[in-house]
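Novice: Chains as they are written, first to last, in our numbering: chain A, 0 to 320; chain B, 412 to 949; chain C, 7 to 370; chain D, 119 to 424.
Note that these hints are calculated values from the structure, not bench results.
There may be inaccurate statements among the hints.
[Stated by the list, open to error] Here are the simulated SDA-like cross-link-like pairs (lysine to any residue), alpha carbons at most 25 Å apart as the crow flies:
1. B:K784 to B:S744
2. B:K784 to C:T229
3. B:K434 to B:S471
4. B:K524 to B:Y569
5. B:K600 to B:V635
6. B:K664 to B:E855
7. B:K434 to C:M356
8. B:K784 to B:A747
9. C:K51 to D:R149
10. C:K360 to B:N818
11. A:K249 to C:K141
12. B:K795 to C:T229
13. C:K51 to D:D150
14. C:K141 to B:S744
15. C:K141 to A:R251
16. B:K784 to C:I30
[Said to hold, decoys possible] Cβ-to-Cβ under 10 Å is the rule here; a few derived chain C residues that face chain A:
17. L29
18. F86
19. G143
20. S144
21. H145
22. N154
23. P332
24. T337
25. T347
26. A349
27. N352
[To be verified] Partial chain D-side listing against chain A, Cβ under 10 Å, derived:
28. N130
29. Y134
30. E152
31. R165
32. A272
33. P279
34. V286
35. A289
36. L291
37. K293
38. Q295
39. Q298
40. T317
Everything numeric in this text was worked out from a predicted model, so none of it was measured.
Cβ atoms here follow ideal geometry from the backbone N, Cα and C, with glycine treated the same way.
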Amino acid sequence: MDLATLIPVLESTIRLSTPLLLACLAGLFSERAGIFDIGLEGKMLIAAFFSAAVAYSSGNVWIGLLAGIAASLTLSAIHGLASITFRGNQLISGVALNFLASGLTVLISQNWFRQGGKTPTLTDGARLSEWHLPFADSLRDVPVLGPIYSDLLSGHAPLVYLAFALVPATWWVLFRTRFGLRLRAVGEAPEAVDTAGVSVVGLRFAAVAICGILCGIAGAYMATGLQPFFGKEMTAGRGYIALAALIFSKWRPWYALGACLLFGFLQAVALRFQNIDLGAFTVPVQVMDALPYILTVVILAGFVGKAIPPRAGGEPYVKER
Amino acid sequence: MTDTPAIELKGISKSFGPVQANKDISIRVMPGTIHGIIGENGAGKSTLMSILYGFYKADSGEIFINGRQTQIPDSQAAIAAGIGMVFQHFKLVQNFTVLENVILGAEDGGLLKPSLAKARGVLQHLAQEYELNVDPDAMIEDLSVGHQQRVEILKALYREAEILILDEPTGVLTPAEADHLFRILEGLKREGKTIILITHKLREIMEITDTVSVMRRGEMTATVKTAETSPEELAELMVGRKVLLRVDKTPAKPGKSVLEVENLRHTDSAGVERLKGISLKVQAGEILGIAGVSGNGQSELLQVLGGMKTATGTVRVNGEEIDLTGRYSDGQSRRARGISHVPEDRQHEGLIMPYTAWENVAFGYHHDPKYQKNAILMDNAAIKRDAEGKIERFDVRPPNANLAARNFSGGNQQKIVLAREIERNPDILLVGQPTRGVDIGAIEFIHQQIVALRDQGKAILLVSVELDEILSLSDRVAVMFDGQIMGERLPSETNQTELGLLMAGVTQMPDKDKPLIHVVDEQLDAQKEREAKRHGHS
Amino acid sequence: MDKMPAWADAVLVPLISILLAALISALVILAIGHNPVEAFSIMVKESLTSSRGIGNTLYYTTNFIFTGLAVAVAFHARMFNIGGEGQVLLGGLGVALVCLYVPWPHWTLALVGATVAAGVFGAAWALIPAYLQAKRGSHIVITTIMFNFIAAAVLNYVLVNMLRPRGAMEPASGPFPEPTHLPTFQEMFSTADTVLFRSAPVNVSFFLAVLACFAVWLLIWRTRLGYQIRAFGHSESAARYAGISPVRITVIAMLISGGLAGMMALNATMGEAERLVLNASEGAGFIGIAVALMGRSHPFGIFMAALLFGFLYQGGLELAFWTGIPQQLITVIQALVILFTGALDNMVRMPLEKLFLALRKGKA
Amino acid sequence: YDLGGKFDKSFNEAAYNGAERWAEETGGSYRDIEIQAEAQREQALRRFAEAGFNPVVTTGFSYASQIAAVAPDYPDTKFVTIDGYVDPEAHPNVLSILFAEHQGSYLVGMMAAMASESDTVGFVGGMDIPLIRKFACGYAQGVLAVNPDATVIANMTGTTPAAWNDPVKGAELAKAQISQGADVIYAAAGGTGLGVLQTAADEGILSIGVDSNQNYLHPGSVLTSMLKRVDVAVYDAMTAGADLQTGVIALGLDSNGVGYALDDNNADLVSEEMKAAVDAAREQIIAGEVTVHDYSEDDSCPALDF
Ligand SMILES: Nc1ncnc2c1ncn2[C@@H]1O[C@H](COP(=O)(O)OP(=O)(O)OP(=O)(O)O)[C@@H](O)[C@H]1O
Ligand SMILES: Nc1ncnc2c1ncn2[C@@H]1O[C@H](COP(=O)(O)OP(=O)(O)OP(=O)(O)O)[C@@H](O)[C@H]1O
Ligand SMILES: [Mg+2]
Ligand SMILES: [Mg+2]
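This is chain A alone, in the form it adopts within the complex (with noise of 0.2 Å):
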């Protein structure tokens, strides 16, 4: 495979992972918190109509940015408040919030707009432009390196720079701040927490918190970035191949990267290599559609071994019963 070919597989590599990977750390937060999340599709979703639908009424993208992050961080409140104060399953809240957000982005959007759940097309400055490296256009001559930087890594929306950024970021805070120590030792032992003088509470609501705001970036990413409308369900699932990835990553952030790139990876070449001509016979579209799916059943069954989660994650802490 030559250059040529490559550098557009891998740019549109990029792409398709920067909301995996910003859900995927959205759900790194919460669940090394100790509290699961199913519901990263449904913050995404909620999050990518109320950026677009404010970025266009707003006619500004980061108003709409912003409008996106809030009504993701309403769904984290209710997960919070019924996984953590309340002490509910938060598998059943998570599965309750993405039919939430599924049901009340058509609602709203069909009383808004009457486009059938979709948003109007965004313009110009309600629209995620994308960003030139510097340089891009001059060094693009330069063999190799030059279409690797001019093409492949330059001419992205900024949140796709935003979320390769957050992986070091995240792994800083995680590992090297009081914060992360504090956030890591929650989702392990909270009762060794609660007894060394720090809330519970607040951590886990901070947790979840972070992970609200970063599904608003996914969400807002696919609806103003990647598209510049909102359509009905444009997620598409990417809130589960989010969890999955992070189940693949062990909870871990580099690893994170290495999963959705990999997620992003078998997709765009299934994209781009639809209909390979095996001579005698061609390979079916369905089965290239199906690839990225098999080879990363493969991939866990022969190479990754038990994923082993945060050992209080899914389980309310309860001093009383």
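Based on these hints, arrange chains B, C and D with the ligands on the given structure of chain A.
Specialist: Below, chains B, C and D with the ligands alone, put in the same frame as chain A:
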């Protein structure tokens, strides 16, 4: 010494729903003393101390620290009031290092680096001062329980606690470790710190405390000066009746050999060899006690014999070899061979905690034809009847077969397991830590049952970290260290010190100048290091 | 030792929770400019007060019972089977193959054959994730999600390239032959002068679903296998102590789970559509998760939850029909019901417990 | 409506527009519903029939078999299936309206080939189903008729219902095709197609819309739209009301049932030459001088492999 108590609790009451764990409790603890608290399982000791530490909130009552009334709504407040607590079940983050655990909640700023550096220094200092050596960079899960406990104490000292609460600290320690702990406590006391010690072991109370309070069913029944009381009196105060503190048994009459183990080897999933060629023999009508610090292979020995793990070597039961690796190397097959097994960890192995008592009575024996109604269904009525009989004969309290196992106290949970295994009338009974965390009333009963089984001519293999228990129950004692048997002794011809040294892998008496604990520590550290190397720090 | 009577926990708590969900739903309906009272009465009237409405409700209920039971069985062995969707699709394929290619003399025999096929195909689709979980520790949540996508691809391929009648536009199999048609309630319960359950899709497989509830209840609480599944689910180390093989239980529980999910296809594919269509699962695999969670993995609870969701589905269609409110409103109501009964239940329970405790103290 | 949803900007929306136009012009009222599950199709049909609506119009081939099941029970109601085929002998009260999408696609294929500078054009379908293959096949024939050396890249979005609602994936497919040299892309993929059109506009290449006139979405970038006059069909059916003529109608180029869209938005894109060629082809097809192979006739396509 002043007259102001370091701690004074007045009229503390606490209910968990319908259960009243503490009823109007008042207690005074003088500064610079060691104050013991004893009481049966569920008497409310841990609850009371958790209230003092702000872990639970009392329904009513007042707390005075050094004469000043103090509100302790959470642990933060307790720490600020100078209180430190070592919980019965450690509150450590298993996959954090010692340093990380120590600074958790007491960091000096947003970034970890400076906090860690400072803690390293303080820890070094504390280690020297109190002989509290632990590797600051070790993971908690790689530490022995004794070392984990040191971490808990270090945590409290790091926070500059003036009042230290220890809830059943010796339950999991070797004699040498316990002795060491007591020396530390005495050192702390000399510095003027106040210590509250909860324990089930009267010997420890007599040995180290200045005053002792007795709790029963949520109430404080007495507080006495240790010097003015006796173990017998305390036992009676606790249980409300006279208790036999020694095991009453006749000499063994060993019969034919029931269990023969030769060159047993087991490697765990991480690739560490846990059993390195064990050979032993147990005869009918005798109790072979296996002493050892936990983590030296006794658990694995029981698990292999009980069919939970595979191994190489030969094991014969009644002369017939059993399958150690293949299709028949599971718990079911062992039971069919007449092996009963009381596992070390009743909560994670012996019982299904959400199952009712009667469901647990069938656990492991769910294939027994007498529990089946027909080819498809189980006969729950029959199991229930069976369970009710067992509950009555083993005096399980409350005598309610429909109660979930998790709602029984540790001692009563243990009785359920024992009733299930002993009444199978096995040829050989494997018993691990039969009385861990159990109060003296229940200990007496459990010991009696084990001896009774022996007297029926059954073979018993007993594993315990309690040397008292090993010495008083066993007819022969073997000591395990690092996956091997270090030696065998007769209880009448040995003592705690000798066994304690064997348990640490020391086969010769060390020279007089070196404190025992250092010898033990060195051995244990060396062992851990070997292990860590084999793990390859994966 | 309980803080409040069992009946209060089993009846009062869910009831109040549902009322709360209804309250919020009413607010949502108000917000989009409709009358909640009218909306609710349409839903109730059209789904519960006529035999036809009931028939439609029960049709959806049947689907949800199967997928709910599937999730629940796996849950008892502490596994989260998100693969219901895929297992239903494969179950549908099994049903279609059996119905199309075996010359059945009578529907009773066909039903037996199709049940076996649906179960086997659904179970087979769960087998690989189960095996990988048991032997390789591959997380079942990931593998079952992946298998949903793979199943969709398989079905797409098979329908478009193999089962589709020549020249047909629709990616669906040809209609099943007459003898495989399952009797509907209309055929079963109508008399010459009164037509009951007119044209409602509910059919005999509803009874199969009820039977499945009972069978699962027996399995979980009355058989040795169920005893072992639950034990394994509660504690793997204890299971090992008792000689219960983790691999065996993992695989068996997932096979049962997949089989139950596959059987949903009996209702949708054999009972209703009478041919295999592309979207044979209708999203019921995911609803099954909610149903199982709400039903607390107990067959009776699942039955009730499935009924509730069936009501919401049917009521929602009628609501959309009579008022033009988008069906997404129903999704929102479902979400609220799941949230309040399943996740926020303690919000109701905690004050109730206090109340009962105070009452008891007052008496004592 | 079919599962794709009412406002997909193409197929279902066209039907809605037709109905709206009728309602506006005649002041009549109609009622519509979007279904969520397969079983609801039949239920909805019965509901409408019983409530006295006449005719009952359905869009999407998936309704055909349900109509066949329901129609006999309501002999006085007329049913219309757009895209579905119901045997007129057995069901005298059903009107099946079929479109010759292959013909329309052929025309836009020709335009694509003429507009393309790279001689590579793309096609993005929603799901790999026969109907979409019919579009793709007609399109490819049109392309090859103009330029036998041209390359047609045909891709499908996915295999789950989400494939119709995933504009992000549509955009990636478009980008993948662009990287393979495509400079005109025809999208027949519902909501996913919106992503394709968007990307084409952003990347400065041409796209072709489907079903409705989608030219206005990105003026200057959408070369044309393959029109499938569902709106007209619905409008006509509603106008006829209960007097509707039943049977089977095939709407092709001859009856203006399919075609291509030309309006202010794409006037600059379509050259005179292009228009002339396409219109000539249109006449030829109507006259029967050129036949466009219909994929659904024999499940095969001379111009494209599936
Ligand atoms: N977290 C809790 N929730 C509800 N009830 C509790 C809880 N902890 C303790 N209890 C109740 O309080 C009573 C006192 O328990 P506690 O743990 O204080 O006893 P203890 O004296 O420490 O016993 P042990 O010697 O076994 O440690 C118990 O009988 C139990 O019913
Ligand atoms: N979290 C809890 N909820 C309810 N009851 C509890 C709880 N913790 C302890 N108890 C009750 O407290 C009593 C004794 O507690 P506990 O389990 O600590 O006994 P134990 O003998 O100390 O056991 P262990 O071996 O765990 O130390 C029992 O009656 C038990 O039911
Ligand atoms: Mg205690
Ligand atoms: Mg205890």
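Novice: Which numbered hints does this structure break?
Specialist: Checked against the structure, the hints that fail are numbers 16, 17 and 31, while the rest are satisfied.
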